[in-house]
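**Q** In terms of our numbering, the sequence shown opens at residue -17 and continues consecutively.
No wet-lab data here; the hints were simulated from the structure.
As the structure is a prediction and not an experimental result, all values here were calculated from the model.
Among the hints, erroneous ones may be present.
Straight line, CA to CA, 20 Å or less: simulated SDA-like cross-link-like pairs of lysine to any residue [what the hints assert, rightly or not]:
1. 48 - 30
2. 148 - 158
3. -13 - 30
4. 129 - 78
5. 148 - 171
6. 86 - 43
7. 34 - 52
8. 129 - 96
9. 129 - 146
10. 8 - 174
11. 94 - 84
12. 159 - 63
13. 7 - 115
14. 102 - 127
15. 156 - 10
16. 159 - 174
17. 7 - 179
18. 176 - 142
19. 59 - 82
20. 7 - 52
21. 59 - 85
22. -5 - 19
23. 145 - 127
24. 148 - 90
25. 145 - 169
26. 48 - 31
27. 159 - 48
28. 59 - 72
29. -15 - 17
30. 156 - 99
31. 77 - 115
32. 148 - 137
33. 176 - 146
34. 131 - 146
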Amino acid sequence: MIKAKDVSHSYNKDIALKNINLEIKKGEFISIVGKSGSGKSTLLSILSTLLKPISGEVFFENINSKNIKDIDSFRQKNIGFIFQFHYLINYLNIKENIQIANEKATLQEIEKLLDLLEIKSIINKYPNEISGGQRQRAAIARALINKPKIIFADEPTGNLDSKNSKNIFKIFKKLSKKGTTIIVATHDLNLASKTDKTYEVNDGQL
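Just need the whole structure built from these sequences, with the hints factored in.
**A** Here you go:
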């Protein structure tokens, strides 16, 4: 699904990543761990096409990312993003927040997704009317509405308590069993142990 070959990156003279080689298969649930400043968020940004490496190559299903002409269209069709902060729009209800990612999504598709995430009852509620865990699940629904092949999540449980954090990882596990590739950057080693495979980034190296 994804292959990184000799990927390196730096910010001015600060080296963030050194010669990273990595292969991730379809349907794998992967965690990337490391201390703050270790390079894990940089690696996630490069694997997700949000950042171009200074050297090296990233392949998606054997297609070199450098050869993808319309990267925005590629992302919309293939990739879903989940961040520590959910970025839901407060003046839109949950259904409307999800439809922003896919205007063609039907009510039935949205309800089915919310049912999978066990939050169907909040479909007409607003972000300030629901809990933090429910808001993060709504953000996951928004990321999933385009049926992406890959989900990238950067510290998705950073603002959640341990119970909600475990529930989010259970949802990720369920999605990976359905064939979605999940790649999560996290500082929580206990949660990382629930994934299929864990990569640790230390001083820019795996």
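**Q** Evaluate each hint against the coordinates.
**A** Going through the hints against the structure:
no. : hint      : verdict
1   : 48 - 30   : 13 Å, holds
2   : 148 - 158 : 15 Å, holds
3   : -13 - 30  : 14 Å, holds
4   : 129 - 78  : 17 Å, holds
5   : 148 - 171 : 12 Å, holds
6   : 86 - 43   : 26 Å, violated
7   : 34 - 52   : 14 Å, holds
8   : 129 - 96  : 14 Å, holds
9   : 129 - 146 : 23 Å, violated
10  : 8 - 174   : 18 Å, holds
11  : 94 - 84   : 15 Å, holds
12  : 159 - 63  : 19 Å, holds
13  : 7 - 115   : 29 Å, violated
14  : 102 - 127 : 14 Å, holds
15  : 156 - 10  : 11 Å, holds
16  : 159 - 174 : 17 Å, holds
17  : 7 - 179   : 11 Å, holds
18  : 176 - 142 : 17 Å, holds
19  : 59 - 82   : 14 Å, holds
20  : 7 - 52    : 24 Å, violated
21  : 59 - 85   : 14 Å, holds
22  : -5 - 19   : 14 Å, holds
23  : 145 - 127 : 25 Å, violated
24  : 148 - 90  : 27 Å, violated
25  : 145 - 169 : 16 Å, holds
26  : 48 - 31   : 10 Å, holds
27  : 159 - 48  : 30 Å, violated
28  : 59 - 72   : 26 Å, violated
29  : -15 - 17  : 23 Å, violated
30  : 156 - 99  : 10 Å, holds
31  : 77 - 115  : 17 Å, holds
32  : 148 - 137 : 13 Å, holds
33  : 176 - 146 : 14 Å, holds
34  : 131 - 146 : 24 Å, violated
Violation of the numbered hints given earlier is confined to hints 6, 9, 13, 20, 23, 24, 27, 28, 29, 34; the remaining hints are satisfied by the structure.
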